[in-house]
Amino acid sequence: MRTAGTRLQSASRPITLTRMTMPDGPLTLTPQQIEELNKKLSTMRHDVNNSLSLVAAVADLIKLDPSSATRRAATLSEQSGKIGEHLAKFTAAFDLALGIKRG
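In my numbering, the protein residues as written are 24 to 126.
Since the hints were derived computationally from the structure, they do not count as laboratory data. One or more hints might be untrue.
Only pairs whose alpha carbons sit at most 25 Å apart, straight line, appear in this in silico BS3-like list of lysine-lysine [stated by the list, open to error]:
#: 1; residue 1: Lys105; residue 2: Lys86
#: 2; residue 1: Lys112; residue 2: Lys62
#: 3; residue 1: Lys63; residue 2: Lys124
Build out the structure end to end from the sequences listed, making use of the hints.
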């Protein structure tokens, strides 16, 4: 295993730098593993797009009715955490499949 450099883990939270340990040699994935990763990637994209669509919709609603901003602020603020969770879930599956260790 080789160690890669540090990287930014989350832009919406305090900066966390992690070390990654990568496999030393070639890696083979079965068609089933590739299919599973592709499904997880597709799910993550869908979930992130849903959160971003919700942000855009709420922003438009606030433009139409500025007095609703306070009421809708919670919905907006929840989305960055949800997006981060979706990314972290996919990253964990990706790292596991490719033998990448973080921390």
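With the threshold set at 25 Å, check whether the alpha-carbon distance from Lys105 to Lys86 stays at or below it.
Within the cut-off at roughly 23 Å; holds.
Given the proposed pairing of Lys112 with Lys62, does the C-alpha separation stay at or below 25 Å?
Within the cut-off at roughly 13 Å; holds.
Regarding the pair Lys63 and Lys124, is the alpha-carbon distance no greater than 25 Å?
holds (19 Å)
Against the hints set out earlier in the document, no violation occurs for any number.
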